[in-house]
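Heads up: the sequence lines are chains Y and B, in that order.
Heads up: the first sequence begins at 1 in our numbering, then just goes up one per residue.
Heads up: the second sequence begins at 322 in our numbering, then just goes up one per residue.
Hints in this document: simulated from the structure, not taken from any laboratory.
Hints are supplied without guarantee of correctness; some may be wrong.
Pairs of lysine-lysine, DSS-like flavour, derived with a Cα cap of 27 Å [to be verified]:
1) K128/Y x K540/B
2) K324/B x K296/Y
3) K376/B x K55/Y
4) K133/Y x K344/B
5) K376/B x K128/Y
6) K617/B x K160/Y
7) K344/B x K324/B
8) K481/B x K454/B
9) K540/B x K481/B
10) K55/Y x K454/B
11) K174/Y x K128/Y
12) K540/B x K296/Y
There are 2 protein chains.
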Amino acid sequence: MNKGALALLVHGGTENWSPQRWKSRFDAVCEGRPVLLLPDASFDPAEVHYAAVWKPHPGELAAFPNLRVIFNLGAGVDALMADRSLPNVPLVRVAVTDLTARMTEYVVLHVLMHHRQEPYLRESQRAKRWAPKSQWAAGAVTVGIMGLGTLGADAADVLKRLGFRVAGWSRNPKTVDGIECFHGEQQFEAFLQRTDILVCLLPLTPETRHILNRPMFEKLNRKSPLGAPVLINAGRGGLQNEADILQCLDDGTLGGASLDVYATEPLPVDSPFWAHPRVVLTPHNAADTDPDEISKYVAHQIERFEAGGALENVVDRNRGY
Amino acid sequence: MNKGALALLVHGGTENWSPQRWKSRFDAVCEGRPVLLLPDASFDPAEVHYAAVWKPHPGELAAFPNLRVIFNLGAGVDALMADRSLPNVPLVRVAVTDLTARMTEYVVLHVLMHHRQEPYLRESQRAKRWAPKSQWAAGAVTVGIMGLGTLGADAADVLKRLGFRVAGWSRNPKTVDGIECFHGEQQFEAFLQRTDILVCLLPLTPETRHILNRPMFEKLNRKSPLGAPVLINAGRGGLQNEADILQCLDDGTLGGASLDVYATEPLPVDSPFWAHPRVVLTPHNAADTDPDEISKYVAHQIERFEAGGALENVVDRNRGY
Numbered sequence: 001m002n003k004g005a006l007a008l009l010v011h012g013g014t015e016n017w018s019p020q021r022w023k024s025r026f027d028a029v030c031e032g033r034p035v036l037l038l039p040d041a042s043f044d045p046a047e048v049h050y051a052a053v054w055k056p057h058p059g060e061l062a063a064f065p066n067l068r069v070i071f072n073l074g075a076g077v078d079a080l081m082a083d084r085s086l087p088n089v090p091l092v093r094v095a096v097t098d099l100t101a102r103m104t105e106y107v108v109l110h111v112l113m114h115h116r117q118e119p120y121l122r123e124s125q126r127a128k129r130w131a132p133k134s135q136w137a138a139g140a141v142t143v144g145i146m147g148l149g150t151l152g153a154d155a156a157d158v159l160k161r162l163g164f165r166v167a168g169w170s171r172n173p174k175t176v177d178g179i180e181c182f183h184g185e186q187q188f189e190a191f192l193q194r195t196d197i198l199v200c201l202l203p204l205t206p207e208t209r210h211i212l213n214r215p216m217f218e219k220l221n222r223k224s225p226l227g228a229p230v231l232i233n234a235g236r237g238g239l240q241n242e243a244d245i246l247q248c249l250d251d252g253t254l255g256g257a258s259l260d261v262y263a264t265e266p267l268p269v270d271s272p273f274w275a276h277p278r279v280v281l282t283p284h285n286a287a288d289t290d291p292d293e294i295s296k297y298v299a300h301q302i303e304r305f306e307a308g309g310a311l312e313n314v315v316d317r318n319r320g321y
Numbered sequence: 322m323n324k325g326a327l328a329l330l331v332h333g334g335t336e337n338w339s340p341q342r343w344k345s346r347f348d349a350v351c352e353g354r355p356v357l358l359l360p361d362a363s364f365d366p367a368e369v370h371y372a373a374v375w376k377p378h379p380g381e382l383a384a385f386p387n388l389r390v391i392f393n394l395g396a397g398v399d400a401l402m403a404d405r406s407l408p409n410v411p412l413v414r415v416a417v418t419d420l421t422a423r424m425t426e427y428v429v430l431h432v433l434m435h436h437r438q439e440p441y442l443r444e445s446q447r448a449k450r451w452a453p454k455s456q457w458a459a460g461a462v463t464v465g466i467m468g469l470g471t472l473g474a475d476a477a478d479v480l481k482r483l484g485f486r487v488a489g490w491s492r493n494p495k496t497v498d499g500i501e502c503f504h505g506e507q508q509f510e511a512f513l514q515r516t517d518i519l520v521c522l523l524p525l526t527p528e529t530r531h532i533l534n535r536p537m538f539e540k541l542n543r544k545s546p547l548g549a550p551v552l553i554n555a556g557r558g559g560l561q562n563e564a565d566i567l568q569c570l571d572d573g574t575l576g577g578a579s580l581d582v583y584a585t586e587p588l589p590v591d592s593p594f595w596a597h598p599r600v601v602l603t604p605h606n607a608a609d610t611d612p613d614e615i616s617k618y619v620a621h622q623i624e625r626f627e628a629g630g631a632l633e634n635v636v637d638r639n640r641g642y
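Looking at chain Y on its own, in the form it has when it is part of the complex:
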């Protein structure tokens, strides 16, 4: 065997993300390299140098004694970081243009849905009621984005182009052209106070768990042109206190919410989110990236790594993302 094998550990996902589909994509781009779809009894775990994973079971990666790099097939690595037996090798997360573009689509769509009163207009259609309401201009609305990495900065750019005022908040200081940037705990309240539509794209870490909670919703713009501020969470379910969201929607602290992620996924059928009239719910598909793009990205990184180059988008294990 000339090249170290790549093992695929893929669990869950849509038909587009089936393990067989991943294998055919990796076979196409990993010339001369064995691609193993686990479980597979016909190979020696010591031959595996790389693993490309999607929701691997805890402990599963510890089976490979000669592992050199782990590639996560999505952007969020919180589940992997929780695996205490995770081999101490570089962990790379996906950062491809396709993923960024899809997340921007989701953010722009859901910001516009709340801005343009879609829940009200659909309700009017169901009631066969012709009842246009006054519509505020985009320039009267501030979208506040939590997380100003590749995803947050790209969504901010399109929202700005549409005329929204855009504010951003991140852990460390950042500068994004045309966007009012805030950072750290000290500037969190100032960021929240001007925010009418809050978009959360943060990674899930011990520091950000349940950051979306009642005390923070209460700090959002209380004089919003929308009536009450809106929450959009396309980060991770663990970022949100779900009981707080429901109570805040019901007492008017929040005017609406778009949720793509949940504490438990798939969302249990008895969750009150399903039938809530002010919740726009999607099944964690904000940025389902094309396997073609991701497999090419991984194959390219492996080639560069074997040629002595540096890996890109390596997770900082201290930060957790």
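Given chain Y's structure and the hints, the job is docking chain B onto it.
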């Protein structure tokens, strides 16, 4: 009276567009000029030099013998052009940034709703069903825009930024950066054949009446990644053959439609559009512009006209827009 009076003829509209609201806005920006809200028995019609109108009744404008300019408070002048007694003075339509921005919001929102399978996702939510489907990338979808004036070009620009392929069709040749431009009857079919999501922003003229009909829907991309092509009409109701749209939605020639305008408005309660599962319906509010912006625009044009300058956005009565 130093300055010629401005008469307001405003019928219909939302609370934001009430005649009183218009009068207060024009009073604020027309310094030293009488602003008359019709009907008003206390003035001499001969004193009226300017009229700012929204859905005036046929014949209503013929009452002013010294009229110099008519300002239409919206972008579409088809209803005015149908008034055979319309005084033969310059007719100016609104072209303000605010109107353009709002139309772009509408177009981007509705393109994204169909692209991101919103009707399917809302149905899944109502059924409490967690069932993500594969999602095509924006680069696999062509949005075809009919009408490449200020509105069409601006919407095209944002759609391009989101990664869509964008084609445009107009009566006369146009060039828009990054957009495949078609024009005239000869290139109409080539434009339609590549279009997955058709956006209609055409003015209503005798030539464009019922241009949105079955033979043209049948020419749209039959191999669309969306399954079947989608229609978005934010121009005028007179552009669409409504029986054809319904039949094409039911036999699969169209996969969905977003309609903001109708043959009869308000849309009659017995219209099948209201309850159609593949119709996303809005009450002609795609681009309800801020009266503040429009009144400033009209006042500014009058000042320049009285100082000997040219009027902008004057309707070509032969073209009809």
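Hint consistency between K174/Y and K128/Y [alpha-carbon to alpha-carbon, up to 27 Å]: Violated, at about 48 Å.
Given hint K296/Y paired with K324/B - CA-CA distance at most 27 Å: 70 Å, violated
27 Å limit on alpha-carbon distance, applied to hinted pair K133/Y and K344/B: OK: K133/Y and K344/B at ~20 Å, within 27 Å.
Checking one constraint from the list: CA of K481/B to CA of K454/B, max 27 Å. Satisfied? 24 Å, holds
Could you grab the alpha-carbon distance between K376/B and K128/Y and see if it respects the 27 Å cut-off? 24 Å, holds
Would you check the hint for K617/B and K160/Y, treating anything up to 27 Å between C-alpha atoms as holding? It holds: about 24 Å lies between the C-alpha atoms, which stays within 27 Å.
Decide if the proposed pair is consistent with the structure: K344/B and K324/B, CA atoms, cutoff 27 Å inclusive. Distance ~17 Å between K344/B and K324/B Cα, so the pair holds.
Do the alpha carbons of K128/Y and K540/B lie within 27 Å of each other, as the hint requires? 32 Å, violated
Does the alpha-carbon distance linking K376/B and K55/Y stay inside the 27 Å limit? 59 Å, violated
Can you confirm whether the C-alpha distance between K55/Y and K454/B stays at or below 27 Å? 19 Å, holds
For a C-alpha distance cap of 27 Å, please report whether K540/B and K481/B respect it. 23 Å, holds
Is the straight-line distance between the alpha-carbon of K540/B and that of K296/Y 27 Å or less? Outside the cut-off at roughly 36 Å; violated.
Hint compliance for this structure: hints 1, 2, 3, 11, 12 are not met, and every other hint is.
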